[in-house]
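> Chains A and B are the protein sequences, given in the same order.
Okay, so the first sequence: first residue is 26 according to this note's numbering, each after it adds one.
Okay, so the second sequence: first residue is 37 according to this note's numbering, each after it adds one.
Treat the hints as calculated values from the structure; they're not laboratory data.
Be aware that one or more of the hints could be misleading.
[Stated by the list, open to error] Facing chain B, from chain A, some residues (calculated, C-beta under 10 Å):
id, residue
1, Gly56
2, Asp64
3, Arg68
4, Arg71
5, Val78
6, Leu94
7, Met101
8, Val104
9, Arg124
10, Thr246
11, Asp253
12, Ala256
13, Leu288
14, Leu292
C-beta: ideal position from N, C-alpha, C; glycine also.
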Amino acid sequence: LQLEADVSASPTDGDPLVLGGQAFDSRLLLGTGKFADADTMVRAVRAAGARIVTVALRRFDRDRPRDSLVEPLRAMPGVTLMPNTSGARTAAEAVRAARIARELCGSRFVKVEIHPNPRHLMPDPIETYEACRTLAADGFAVMPYIPADPVLAKRLEEVGCVSVMPLGSAIGSGQGLATYELLRLIVRDSRVPVIVDAGLRSPSQAAAALEMGCAAVLVNTAVAVAADPPAMAAAFALAVRAGRDAFRAGLMTVGEASATSPLTAFLAEPPP
Amino acid sequence: VRLIVNGEFCETAAASVEDLVREQGADPARVAVVRNGELLPRGERAAAALRDGDRIELLTFATGG
Numbered sequence: 026l027q028l029e030a031d032v033s034a035s036p037t038d039g040d041p042l043v044l045g046g047q048a049f050d051s052r053l054l055l056g057t058g059k060f061a062d063a064d065t066m067v068r069a070v071r072a073a074g075a076r077i078v079t080v081a082l083r084r085f086d087r088d089r090p091r092d093s094l095v096e097p098l099r100a101m102p103g104v105t106l107m108p109n110t111s112g113a114r115t116a117a118e119a120v121r122a123a124r125i126a127r128e129l130c131g132s133r134f135v136k137v138e139i140h141p142n143p144r145h146l147m148p149d150p151i152e153t154y155e156a157c158r159t160l161a162a163d164g165f166a167v168m169p170y171i172p173a174d175p176v177l178a179k180r181l182e183e184v185g186c187v188s189v190m191p192l193g194s195a196i197g198s199g200q201g202l203a204t205y206e207l208l209r210l211i212v213r214d215s216r217v218p219v220i221v222d223a224g225l226r227s228p229s230q231a232a233a234a235l236e237m238g239c240a241a242v243l244v245n246t247a248v249a250v251a252a253d254p255p256a257m258a259a260a261f262a263l264a265v266r267a268g269r270d271a272f273r274a275g276l277m278t279v280g281e282a283s284a285t286s287p288l289t290a291f292l293a294e295p296p297p
Numbered sequence: 037v038r039l040i041v042n043g044e045f046c047e048t049a050a051a052s053v054e055d056l057v058r059e060q061g062a063d064p065a066r067v068a069v070v071r072n073g074e075l076l077p078r079g080e081r082a083a084a085a086l087r088d089g090d091r092i093e094l095l096t097f098a099t100g101g
């Protein structure tokens, strides 16, 4: 619990995540799926220090008119709901979902995700591009979930997306930064924040993403299915902070052996 | 009027879309309405009459990544 207080006291130290001109005081975004109950979820969001949490759209259920899980999120001060377009299989469906979501929360932020194949959940780059172009022109702050493709990332930046969210590996897979080299290329060329979304299993992977210059990570399954979700959320928060601090401090370059102690031969016999 | 609401047949005396939302037990501030495939803005619901055969979708937020 001390951990939670330390992280949330000053989570970004004057180095906020800026998305579409709006500053957020955390570089850890949390997905809200798969949590066992509302209390666990809320404690995890708090422990993460998350300022952005994702939500999805579904049909209203007249048998359960009050959603017991989303309402507590709305009540959390300083937490922005970011709707996603999950379930959309085409650009047209994603655009419609985004407009519905805007009607529901009044926020201009939307995470565009279009993954038509339920077996691998890989984003459809063509439909995603089309949806993002339409939504950015319509005033949305668009954050697309994409394959780790530097060309696509650049094209999305050019149509006005406020961030790009390449995947580390498949959604929910826990395979970590399988796309590491491609993420590096995206980060090197992007002028918008790069947020690794999907596939992270451990805090060390989140730290690695921030160390290489990713602006933030979005984590869901790794926290939600942990034995102790709030504790895992706190661990991710520390890792994200460490990774960002390391990036800002400037990592050394990888090279050949280079001594850290003097190599003078003071133990050797002086030459005769 | 006879409608399809969230995929299910529904017969109602509701005079407007807004009335239907309340009749369904939804908090009007927490649902979005799609009528025949088109988003119906919140401010237009009260004046929007229902017609036989309308397909109404009531959508809300749920948890998700």
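> Holds or violated: the hint that A/Arg68 contacts chain B, with Cβ atoms closer than 10 Å.
With a closest approach of 14 Å, the A/Arg68 hint is violated.
> Identify whether the interface hint at A/Arg124 stands, where standing means a beta carbon of chain B within less than 10 Å of its own.
At 5 Å from the nearest chain B Cβ, A/Arg124 passes the 10 Å test, so the hint holds.
> Does the CB of A/Val78 sit less than 10 Å away from some CB of chain B?
holds, 9 Å
> Given A/Leu292 as an interface hint, is the shortest Cβ-Cβ distance to chain B below 10 Å?
violated, 59 Å
> Would you check whether A/Arg71 satisfies its interface hint, that is, whether its CB is within less than 10 Å of any CB in chain B?
violated, 16 Å
> Tell me if the interface restraint on A/Leu94 is satisfied: Cβ within less than 10 Å of some Cβ in chain B.
holds, 5 Å
> Closer than 10 Å between Cβ atoms is the bar; does A/Asp253 clear it against chain B? Give me holds or violated.
violated, 19 Å
> With a cut-off of 10 Å on the beta carbons, see whether A/Ala256 makes it to chain B.
violated, 20 Å
> Would you settle whether the hint for A/Gly56 is holds or violated, based on the nearest Cβ-Cβ distance to chain B being less than 10 Å?
Holds, because the Cβ-Cβ distance from A/Gly56 to chain B comes to roughly 3 Å (cut-off 10 Å).
> At a threshold of 10 Å, is the proposed contact between A/Leu288 and chain B supported by beta-carbon distances?
It is violated, given that the least Cβ distance between A/Leu288 and chain B is near 53 Å, above 10 Å.
> For the restraint on A/Thr246, tell me whether the closest CB of chain B is nearer than 10 Å.
holds, 7 Å
> Per the CB criterion, is A/Val104 less than 10 Å away from chain B?
violated, 13 Å
Consistency note: the structure conflicts with the earlier hints numbered 2, 3, 4, 7, 8, 11, 12, 13 and 14.
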